[in-house]
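Engineer: Single-letter residue listing:
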Amino acid sequence: MSNILEIEDLVLRFYTYEGVVKALEGVNLHVKDDETLGVVGETGCGKTMTALSILSLIPPPGKIEGGKILFKGREKTIDLLKQNEAYLRSIRGKDISIIFQEPSAALNPVYTVEEQISEVFLQHRKEELARKALEAIEKDIQSVKGGLKGFIYGFERKIYKRMVEKPRSLSLRFLSRIPVVRRFKRRLKKEAKKETIDILRKTEIPDPERVADMYPHELSGGMQQRVVISIALACNPKLLIADEPTTSLDVTVQAQILNLIKKLKEEFESSIIYITHDLGVVAETCDRVAVMYAGNVVEIADVKEIFKNPLHPYTKGLMESIPRPGKDFKAIKGTVPSMINPPSGCRFNPRCPEAIERCSIEKPKMIEVEKTHFVSCHLH
Amino acid sequence: METFLETVGLRKYYPVTGGVFRRKIMDVKAVDDVSLSMAKGECFGLVGESGCGKTTYGKTIIRLLKPTSGHIYFDVPMDVKEKIVELENSSQRSQELEKLKKRYDLSKFGRRKMKSLRRRMQIVYQDPSSSLDPRQLVKSIIEEPLKVQGQVKRKHRRERALEILGKVGLTERSLYRYPHEFSGGQRQRIAIARALAPNPKFVVLDEPTSSVDVSVRAQLLNLFQELQKELGLTYLFISHDLSVVECISDRVAVMYVGKIVELAPTTEIFKEPLHPYSIALMSSIPVPDPTAKRNRIILKGDVPSPVNPPPGCRFNPRCHMAMDLCRKEDPKLIEVKKGRFVACHLIKS
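If you read the sequences in order, they're chains L and R. Take the first sequence: its letter number 38 is residue 1376 in this note's numbering, and every next letter is one higher. Take the second sequence: its letter number 322 is residue 1656 in this note's numbering, and every next letter is one higher.
Please keep in mind that the hints were generated in silico from the structure rather than gathered at the bench. Worth double-checking, as some hints may not be accurate.
Pairs of lysine-lysine, PhoX-like flavour, derived with a Cα cap of 25 Å [said to hold, decoys possible]:
1. L:1601 - R:1435
2. L:1665 - R:1605
3. R:1672 - R:1662
Where chain R lies over chain L, by a calculated footprint (3+ residues, C-beta under 8 Å) [what the hints assert, rightly or not]:
4. 1553–1561
5. 1593–1605
A partial selection of chain L residues facing chain R, derived with a Cβ cut-off under 8 Å [said to hold, decoys possible]:
6. 1440
7. 1483
8. 1485
9. 1532
10. 1533
11. 1645
12. 1649
13. 1656
14. 1668
This structure is a prediction, so every number in the text was calculated from the model and none was measured. Beta carbons are placed, not taken as given, at the ideal position from N, Cα and C, and that holds for glycine.
Looking at chain L on its own, in the form it has when it is part of the complex (with noise of 0.2 Å):
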């Protein structure tokens, strides 16, 4: 088996007024083929920033300042943090997609779902599409003898050729800014329309025709959600990253959503980076958990493992603090620290009930204390 996606040394800060905020401090975390990896930690530590890091998406004051992320693309393994924006736009969405935690914030209200799915398929599989509207452009020439119609179709017909031919070819940009003639495009939205539909039954929902011409306002949230997991999936990723997908919705439509992520997962065999601050959900979904605490990576460990032996303090607590029946609440003391003035040394020895003076003095590093089991902790 070998790695989808490292990450190295990742370092993350952003620059504002108060002062220089360390988002990340040195991410290491690798993600194997068809595994999904749960990220967890509180609000805060970094999970999410650490998803936008890989797809270059930080917002503007913050700013990558060391580190790689290799990515096994297509061909070869590049260093995404080296891509130029045009090549990283036609990665997103393509190769790497994400499903974010609020549908309604994530769908654009102004447009149906149709819309917004297929411009996932205009964007990265134009080719495909125009080669399939050409063959329905030679079936309906060959059912009518010339007259207008006879030639419309051959014009639309040479214009389709040459967008097989040449993808960026100047006289079609230039063609599909004139009115009337740009209904040449009308065919290729047709079968990004079929292919939208399809995607749509792919994720169980009920009557996608009818879905697919309503606005996102009109669907429930679980719904939403669907739709913008058809986004993700649309051009079969080869890694997704799911940013608390199922955190705004109920716990029965959360089943609904974790089923239907397991069931695209092993369908589309992709590897999935999972983020999400609920245990409960890691246990039934992942593989491997990273446990992540004010903007580091504590533990790495296999799914069974980590929930049976749980070596960091902060993931100990983690696991204490799950509510269980017939027992106390143990509470975490504190609270998550700042990030513009970390605690020096081991971030966490504020909090840490087992803290000893070394904590507060040196940063620990990432050890592999059992196979496949790490953890950066001066006790182990």
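Given the coordinates of chain L, assemble chain R onto it according to the supplied hints.
Structural biologist: Chain R alone, transformed into the frame defined by chain L:
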């Protein structure tokens, strides 16, 4: 157990207007015929999916909303309640009944009468960052209910605010700060302090832990339990997080589209839910144990709209055991075993 708060046939409908002159065309039946009673010193859990009317119920029983119909009895002496029941049964319309209801039924109270009662019933909202005024100091946030109620004289207010802050685990230093200077968990503590300032006996907790992190959630739940013991509070704990409800409440009611479908002691309902909806709900809780075996029932479809609920039992389109009877007749909440109530045609006592 002594009943502390009781609702009888409580309904809250929101009108939907439309057409010419904005006439009322239909109702959103947010809470539809809910009869529950809470015992003194108990933590009563109310669970259900979003949009099922949990919050509306919570707000209606403390009269932040005016109920469409039904009665709310809050801390009524036993003998008075017995008399009301007796008079109601004796079909005749007596003046005495009207009088008693006017005196004890919260749903008939006017504003002035409610105001004096408010000190005894308070609410903690879901999201502290929107329920706390960002331009008020913590001190004035906590002192405001005392000022409005006129319970404490000005010179003693600061003392009282400090005392309450100490109870929720905040120090004197936070008195002269603004809400935005605190973390989510601390803000929720301020909201709790504000609710507890007038020394209430009944507190509605409307999803108080859903906006905070796992580690902070445990701290808050501990705080709720401590406060309940210390001050002898009665809670209505509204939540969609079943694992939290399982730990904190004594009894649980499951709500579905404005109706109660099951009511039982916590341990029993989580061990053996009876209503098909409760069964599905319990089985969809993610278990934090990767080795556990799951027998999950995944419900199809979405929660129906409370404007046009399906005829008969409201759960029938999603129920995997629905019969013909379910589509025609609405089941009543009946007592199956002692203390266990279920509204389902499949379950007979």
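Engineer: All hints are to be evaluated individually against the structure, with a verdict given for each.
Structural biologist: Hint check:
| no. | hint | result |
| --- | --- | --- |
| 1 | L:1601 - R:1435 | violated (57 Å) |
| 2 | L:1665 - R:1605 | holds (16 Å) |
| 3 | R:1672 - R:1662 | violated (28 Å) |
| 4 | 1553–1561 | holds (count 4) |
| 5 | 1593–1605 | holds (count 4) |
| 6 | 1440 | violated (14 Å) |
| 7 | 1483 | violated (51 Å) |
| 8 | 1485 | violated (50 Å) |
| 9 | 1532 | violated (26 Å) |
| 10 | 1533 | violated (25 Å) |
| 11 | 1645 | holds (5 Å) |
| 12 | 1649 | violated (16 Å) |
| 13 | 1656 | holds (6 Å) |
| 14 | 1668 | holds (7 Å) |
Consistency note: the structure conflicts with the earlier hints numbered 1, 3, 6, 7, 8, 9, 10 and 12.
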